[in-house]
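Chains as they are written, first to last, in this note's numbering: chain A, 57 to 477; chain B, 57 to 477.
Keep in mind that a hint or two might mislead.
Identical chains blur together in the list; that is why a pair holds if it fits in one copy or across any two.
Unchecked claim - With a cut-off of at most 35 Å between alpha-carbon atoms, the simulated DSBU-like pairs for lysine-lysine come out as follows:
{"hint": "1", "residue 1": "K368", "residue 2": "K64"}
{"hint": "2", "residue 1": "K92", "residue 2": "K268"}
{"hint": "3", "residue 1": "K166", "residue 2": "K145"}
{"hint": "4", "residue 1": "K268", "residue 2": "K410"}
{"hint": "5", "residue 1": "K65", "residue 2": "K368"}
{"hint": "6", "residue 1": "K368", "residue 2": "K166"}
{"hint": "7", "residue 1": "K65", "residue 2": "K143"}
{"hint": "8", "residue 1": "K252", "residue 2": "K268"}
{"hint": "9", "residue 1": "K166", "residue 2": "K268"}
Please keep in mind that the hints were generated in silico from the structure rather than gathered at the bench.
Protein chains: 2
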Amino acid sequence: MQPNTRIKKWMREHQDEAITLLQQMVQCDSTQGNEKKVQQIVADKLSAMGFDIEVWEIGGNDLLNHPYFYSPRHSFQGSPNVAGRLKGKGNGKSILLNGHVDVVPEGDLKQWSYPPYSGHIIDGRLYGRGATDMKGGNVSLLYALEALHALQIHLKGDVVFHSVVEEESGGAGTLAAILKGYTADAAIIPEPSHMKIFPIQQGSKWFRLHIKGRAAHGGTRYHGVSAIEKSTMVLSHIVALEEERNKRITEPLFQHIPIPVPINIGKIQGGDWPSSVADLVIMEGRLGVMPGETVEQAEEELENWMAGLAEKDEWFQEHPVEVEWFGARWLPGSIDSHHPLLDLLKAQYEEVLKKPPKVEAAPWGTDGGLLSQAANIPVIVFGPGTTELAHYPNESIDIEHVIEAAEIMAGTLVKWCEVAD
Amino acid sequence: MQPNTRIKKWMREHQDEAITLLQQMVQCDSTQGNEKKVQQIVADKLSAMGFDIEVWEIGGNDLLNHPYFYSPRHSFQGSPNVAGRLKGKGNGKSILLNGHVDVVPEGDLKQWSYPPYSGHIIDGRLYGRGATDMKGGNVSLLYALEALHALQIHLKGDVVFHSVVEEESGGAGTLAAILKGYTADAAIIPEPSHMKIFPIQQGSKWFRLHIKGRAAHGGTRYHGVSAIEKSTMVLSHIVALEEERNKRITEPLFQHIPIPVPINIGKIQGGDWPSSVADLVIMEGRLGVMPGETVEQAEEELENWMAGLAEKDEWFQEHPVEVEWFGARWLPGSIDSHHPLLDLLKAQYEEVLKKPPKVEAAPWGTDGGLLSQAANIPVIVFGPGTTELAHYPNESIDIEHVIEAAEIMAGTLVKWCEVAD
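Modelling step: build the complete structure from the supplied sequences, incorporating the hints.
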């Protein structure tokens with residue numbers, strides 16, 4: 057039997073094990089600072105399959121002083137990283153498999169139909185915080201490796217595994233793993249792409265705008281300048297910048313996306329009294345960073361653009377909008393459109409699912425940007441979860457997709473790393 | 057010597073005492089819930105002048121169930137009301153003097169040149185939150201009474217004093233004082249009219265708009281509907297209503313006012329994550345109520361107008377903007393244009409300042425509306441502060457105006473309540 061045929065057969069016979077593993081992982085609350093328990097499960101799995109692993113709490117000057125280090129945390133206690141390497145037999149290309157175990161907070165519990173760490177299974181879907189983002193993807197990776205291990209399919213190239221913390225707040229876990237030397241010739245990250253293949257991921261950076269007004273009593277509002285009114289002008293100015301930036305995009309993978317690299321204003325707050333004219337509005341948003349530009353270039357363009365408000369309204373000449381950069385940043389990531397790993401993954405997809413894959417540009421950033429930019433590793437995002445369910449109450453994943461993705465991954469590893477005699 | 061001559065002389069000799077009193081009152085932070093300290097100063101002053109006073113935390117069923125009761129608060133702890141009566145010798149008309157001690161929050165501290173509760177005096181102006189709105193006016197009243205007391209000028213009619221809380225959020229303090237029987241034949245409120253006489257005051261009502269969107273990830277913002285974007289449409293729709301309403305005003309007292317009865321949006325808040333599409337924006341504002349219309353009529357017009365958004369954008373057909381009425385409402389207030397108190401006040405103004413007074417419609421509501429409508433007391437607004445500075449950073453008052461207003465008040469009391477033999 058061909059390796060792929062054996063893999064398929066083995067996977068279908070053992071799929072309950074994969075489901076149980078996913079259930080166990082989802083049942084671990086692995087919000088920031090609480091990743092230890094789930095990491096132990098991953099570490100045990102990797103060890104059992106012959107990986108040389110390291111489990112460590114990230115930190116140290118190399119990491120903290122790295123130009124790509126971003127984190128709201130000062131200490132990473134309670135958040136161990138896991139990385140490991142399965143040595144190949146030699147003369148093969150290596151692969152890096154990267155997944156994060158940190159999950160975003162569960163939000164309003166009243167909006168959940170089941171407790172968020174229950175791992176309930178209903179109608180083929182497994183429910184819980186992190187099911188789709190991205191423990192389902194992690195299980196696809198582990199199940200692919202499990203199949204190769206069980207079937208004693210030995211590869212020529214090394215398999216490197218990152219089970220990282222801190223993806224949701226800036227990527228310090230992946231950066232720490234890179235700095236420890238856990239790198240490879242190419243990488244796959246099974247973030248929730250809904251089984252689409254994303255060879256390009258946009259980066260992003262958060263910003264805060266301070267829009268000034270002049271206070272007055274609401275009954276004589278004509279004596280004041282409303283920061284709320286001015287903020288509508290700022291908003292349309294930002295939409296114009298978004299248009300301007302997106303016009304420049306020629307990459308065909310973006311062509312079916314209405315706004316390839318959006319600028320999103322997600323939060324607004326201003327004024328402190330209904331009958332006063334607001335003298336300050338704060339808007340917070342996310343600037344999409346285009347593949348091919350640096351975060352710094354994107355930042356500079358937004359800052360210059362905001363200065364241009366002074367030409368539209370003289371209020372802004374003396375009261376310029378202040379731009380503040382804060383919080384997380386995700387670097388854009390990519391793989392060459394003719395890269396052999398991309399071709400292999402597409403072919404495996406078609407072999408397993410009997411239809412061509414959808415290949416698109418990712419609407420969000422992942423730790424793949426760090427792999428591309430800090431370690432020069434080409435990276436593809438491909439995973440079984442669904443973006444639309446990530447970060448929401450009642451997050452869930454289609455179990456069938458987890459198994460399908462595992463089968464596609466295993467076949468890809470066999471082709472990319474090659475089977476040793 | 058005539059009473060007015062003695063009053064003028066006494067006031068000029070003792071004006072440092074009035075300035076010190078104002079300074080002390082401004083140095084008390086009397087934002088909502090913190091009015092106790094400043095009220096103690098007023099209560100002590102009134103007691104020393106022979107007033108029978110009451111100091112009490114407002115509340116009780118009579119107040120809370122009154123149709124004119126409006127407040128965002130459930131408890132008034134920390135906010136005592138002060139009211140008192142100086143019995144006249146009999147057979148005279150009584151006067152009610154009303155001022156509030158609550159002040160609006162200080163806003164953005166960076167916009168203040170001095171700390172907001174400093175009471176600094178520079179070039180004849182006293183600076184601080186509440187200086188103009190309306191502790192300066194309160195001091196004019198107290199200084200007028202102080203002069204009569206010091207000069208042993210006894211009046212025939214009673215002088216009733218309200219030093220109230222909650223004016224900035226609905227008038228519960230004045231209503232509580234009325235319900236305790238502190239009423240009179242006519243009233244003067246020294247709100248910041250900039251030495252103009254306001255026989256008419258517009259009312260107002262607070263509202264909250266709930267503007268809905270649909271959440272999505274910021275990187276795929278085109279899958280969502282931004283409540284922040286929709287709120288800009290709501291804002292311009294409200295400006296159109298303001299225009300529509302103001303076109304209807306014919307009252308000549310409004311003719312020099314740029315927007316006679318404004319609608320102000322003072323507060324905005326929406327979204328909870330920079331890289332999510334906001335699914336809800338809350339805007340809070342103040343609807344000006346025209347003299348001659350009821351608050352209910354104005355409310356109905358705004359509600360119907362907001363329903364009209366559905367014609368401008370079909371999103372609003374299924375997601376109508378919810379209008380909520382909350383917090384404060386100020387009733388429009390007025391005095392008959394031929395009322396004898398109005399004539400007396402105008403004459404005193406001319407006698408003291410040697411020029412005719414400016415008589416206009418007030419650009420805002422005061423507790424005068426409650427006096428007019430809940431207690432049927434004709435009311436005039438006349439005070440030394442400046443509307444343009446109320447609720448602003450660097451709020452201040454011209455000290456000379458405080459003394460001039462006190463002199464005009466004292467003379468008016470002498471004429472209205474009449475001097476006893």
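Cross-check of the supplied hints:
In this assembly of identical chains, the alpha carbons of K368 and K64 never lie at most 35 Å apart, being 62 Å within a copy and 54 Å across copies at closest. Taking CA atoms no more than 35 Å apart as the test, K92 paired with K268 passes between copies only; the shortest distance there is 33 Å, against 41 Å inside one copy. In the homo-oligomer, the alpha carbons of K166 and K145 never lie at most 35 Å apart, since the shortest distance is 52 Å inside one protomer and 66 Å across protomers. Taking the shortest alpha-carbon separations for K268 and K410, neither the intra-copy value of 57 Å nor the inter-copy value of 42 Å comes in at or below 35 Å.
Taking the shortest alpha-carbon separations for K65 and K368, neither the intra-copy value of 65 Å nor the inter-copy value of 57 Å comes in at or below 35 Å. Taking CA atoms no more than 35 Å apart as the test, K368 paired with K166 passes between copies only; the shortest distance there is 26 Å, against 40 Å inside one copy. In this homomeric assembly, K65 and K143 come within 35 Å of each other (Cα to Cα) only inside a single copy, at 25 Å, whereas the closest approach across copies is 102 Å. With identical chains, the CA atoms of K252 and K268 are at most 35 Å apart between copies only, with a shortest distance of 31 Å across copies and 43 Å within one.
Taking CA atoms no more than 35 Å apart as the test, K166 paired with K268 passes in both settings, with 33 Å inside one copy and 12 Å between copies.
Hints 1, 3, 4, 5 from the earlier list are contradicted by this structure; the remaining hints agree with it.
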